[in-house]
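**Student:** So the chains spell out like this:
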Amino acid sequence: MTAVTVAPSAPAQRPALGVRAAVTGLGVVAPGGIGVRTWWETTLRGEPVIAPVTRFDASGYPATLAGEVAGFVDEDHVPAKLLPQTDRVTRLSLAAAAEALGDAHLDPQSLPDYAMGVVTANSTGGFEFGQRELQALWSKGRRHVGAYQSFAWFYAANSGQISIRHGLRGPSGVVVSEQAGGLDAVAQARRRLRTGVCAVLTGGFDSALCPWGWTAQLAAGGMSTRGDADRAYLPFDADASGHVAGEGGALLVLEDADVAYARGATVLGTVEGCAATFDPAPGTGAPRLIAAARLALADARIDPADVDVVFADAAGERDADRAEAAALAELFGPYGVAVTAPKSLTGRLGSGGSALDLAAALCALREQVIPPTSGAVRVADDCPVDLVTGAPRPARLRHALVLARGRGGFNAATVVRGAS
Amino acid sequence: MERLELTVLADLLREAAGDDEGAVLDEGTLDTSFLDLGYDSLALLQVTGVIERDHDVLLDEEALAEAQTPRQYLDLVNGALAARAAA
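Sequence order for the protein chains is A and B. Read the first sequence against my numbering and you will find it ends at 421, with the numbers running on by one and no gaps. Read the second sequence against my numbering and you will find it ends at 1574, with the numbers running on by one and no gaps.
Everything labelled a hint here was simulated from the structure, so no lab data went into it. Check the hints yourself; a few may be wrong.
[To be verified] Derived Cβ-Cβ restraints for the label pairs, each shown as a range: (1) A:T196 - B:H1542: 50 to 60 angstroms; (2) B:A1550 - A:G19: 52 to 62 angstroms; (3) A:T226 - B:V1495: 48 to 58 angstroms; (4) B:E1539 - A:A71: 32 to 42 angstroms; (5) A:A71 - B:D1523: 33 to 43 angstroms; (6) A:E42 - B:V1511: 41 to 51 angstroms; (7) B:L1517 - A:T196: 40 to 50 angstroms; (8) B:L1522 - A:Y62: 42 to 52 angstroms; (9) A:G409 - B:R1490: 48 to 58 angstroms; (10) B:E1548 - A:H106: 43 to 53 angstroms; (11) B:V1511 - A:G222: 32 to 42 angstroms; (12) A:G222 - B:H1542: 43 to 53 angstroms; (13) B:A1550 - A:A52: 48 to 58 angstroms; (14) B:E1548 - A:A52: 43 to 53 angstroms.
[To be verified] Selected chain A positions facing chain B (Cβ under 10 angstroms, derived; list incomplete): (15) Q86; (16) L138; (17) H145; (18) A148; (19) Y149; (20) G409; (21) G410.
[To be verified] Computed list of chain B residues with no C-beta within reach of chain A, every gap over 10 angstroms: (22) L1496; (23) T1516; (24) L1522; (25) L1532; (26) Q1533; (27) E1539; (28) A1550; (29) Q1559; (30) L1561.
A quick note: this is a predicted structure, and the numbers were derived from the prediction, not measured. Idealized CB from N, CA, C, for every residue including glycine.
Let the sequences and hints guide you as you build the complete structure.
**Tutor:** In structure tokens, the structure reads:
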């Protein structure tokens, strides 16, 4: 995990022991919906949005399916001034940032200076922008590479542009830990609240749906090469063949709960526990996802029995699925807790994926309903999980556990609790 | 003689940095600072790269840092182009 500071940090000093981290706003740009409401409706319907790639001609590549954000009009979400200097992923995250702040009814300018920061996760940088500039470099020469390439491709560009646009000058940064990033960013944001910061905009975004980005993702491995959109990404199924890549993510406004209630904000839920571990475990080489889950539960001061739903990492690879199912069975007992993987409908969004799962968990807690995994999934006998498939399941939900594994050994777990 | 015209500079800046909120760059704003026109140093860096490339000229970095208005910037570029033509 790499942490890069992109803004000076000089938080106001306030006593911060016992700070609770409340989520007061959500912003989503994901396959299935631009905006929380549209995306959540699609998610609850269990509507598959994986489809053939349209952002470039993928017909010559082994993998031809993706979860794309459809119908995103840059000019509707991004000031014209920022268009020449932003990659697609930054534009998507700017749209989510505006939505999250609006949803929280929070005007950063109303806060003291340095009182609000932005910590986002991103794992691939701005591939599309970088590809364009590299093509200019090698086909036309160095003088055809623009000045904006100096930062527009960079992982921290999302945090930086959001910070500039909304005047978020508090402690800020970027977390790079692949799929685990969305959760790791929220954990870092929560630590910032404990240093006296009032609020942090946090979450994760990724988008690398261009030939260069596609090649990199193929080289990283794990992508399904099936052309049938219903059968390409089947986590926990005996017929699993890898995952489908997608783009998008979610951002959350995380606030000191006392500050949030004092200003009359609507609290969607609280982040109760965060943990991260790294594979392989020294000596045994065993996966440490379960250790992350245990540490997050301990951080939240709850027992496994207090968890009502798990949003699984759901790799879609047989070994990794079995390992996650075994961890869940050990922690909760075989078939011992409701498990879901809405990402089976959107594809894996990199660091945006775990942030989106967190957003889904918060919506689930609010509406007391578990969004479904793809109805095409038939749970394998060697994966003893109570997977919610095909249709949403109403349930009494107090706590949700969100799990994520990032390529390279990252494990992250987050416990969220509903507001009521 | 080769010259950079105001209208061309205005087009280059619009292309480099958008035109949604910057003030109009014309004869009336020749002495308004780029920052007040809505263009930061990166936008100017981008435009300078394009000018250097298209006119095959190298501009003095320190002089560029001093050129804070369209008039100063045009004088600098056209001075360099004239010097090259005279050489």
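**Student:** Hint by hint, say whether it matches the structure.
**Tutor:** Going down the list of hints, with the structure as the test:
1. A:T196 - B:H1542: 50 to 60 angstroms: holds (51 angstroms)
2. B:A1550 - A:G19: 52 to 62 angstroms: holds (57 angstroms)
3. A:T226 - B:V1495: 48 to 58 angstroms: Holds, since T226 of chain A and V1495 of chain B (Cβ atoms, about 50 angstroms apart) stay within the stated range.
4. B:E1539 - A:A71: 32 to 42 angstroms: holds (40 angstroms)
5. A:A71 - B:D1523: 33 to 43 angstroms: holds (40 angstroms)
6. A:E42 - B:V1511: 41 to 51 angstroms: holds (44 angstroms)
7. B:L1517 - A:T196: 40 to 50 angstroms: The hint (40 to 50 angstroms, Cβ to Cβ) holds, given that L1517 of chain B and T196 of chain A are roughly 48 angstroms apart.
8. B:L1522 - A:Y62: 42 to 52 angstroms: holds (45 angstroms)
9. A:G409 - B:R1490: 48 to 58 angstroms: holds (55 angstroms)
10. B:E1548 - A:H106: 43 to 53 angstroms: holds (46 angstroms)
11. B:V1511 - A:G222: 32 to 42 angstroms: Distance hint for V1511 of chain B, G222 of chain A is violated at roughly 53 angstroms.
12. A:G222 - B:H1542: 43 to 53 angstroms: holds (48 angstroms)
13. B:A1550 - A:A52: 48 to 58 angstroms: holds (54 angstroms)
14. B:E1548 - A:A52: 43 to 53 angstroms: holds (49 angstroms)
15. Q86: holds (7 angstroms)
16. L138: violated (13 angstroms)
17. H145: This hint holds: H145 of chain A lies near chain B, its Cβ roughly 7 angstroms from the closest one there, short of 10 angstroms.
18. A148: For A148 of chain A, the interface hint holds, since the closest Cβ of chain B sits about 4 angstroms away, which is under 10 angstroms.
19. Y149: holds (6 angstroms)
20. G409: Result: violated, 33 angstroms to nearest chain B Cβ.
21. G410: Violated - the Cβ of G410 of chain A stays beyond 10 angstroms from chain B, reaching only about 37 angstroms at its closest.
22. L1496: The assertion about L1496 of chain B holds, with a minimum of 16 angstroms to chain A.
23. T1516: Check passes; 17 angstroms lies beyond 10 angstroms.
24. L1522: Per Cβ check, L1522 of chain B is outside 10 angstroms of chain A; nearest 13 angstroms; holds.
25. L1532: Check fails; 4 angstroms does not lie beyond 10 angstroms.
26. Q1533: Per Cβ check, Q1533 of chain B is inside 10 angstroms of chain A; nearest 4 angstroms; violated.
27. E1539: E1539 of chain B not clear of chain A: closest Cβ-Cβ about 7 angstroms, inside 10 angstroms.
28. A1550: holds (18 angstroms)
29. Q1559: Consistent with the label, Q1559 of chain B stays out of reach of chain A, its closest Cβ about 20 angstroms off (over 10 angstroms).
30. L1561: holds (20 angstroms)
In the structure shown, a violation is registered for the earlier hints numbered 11, 16, 20, 21, 25, 26 and 27, in ascending order.
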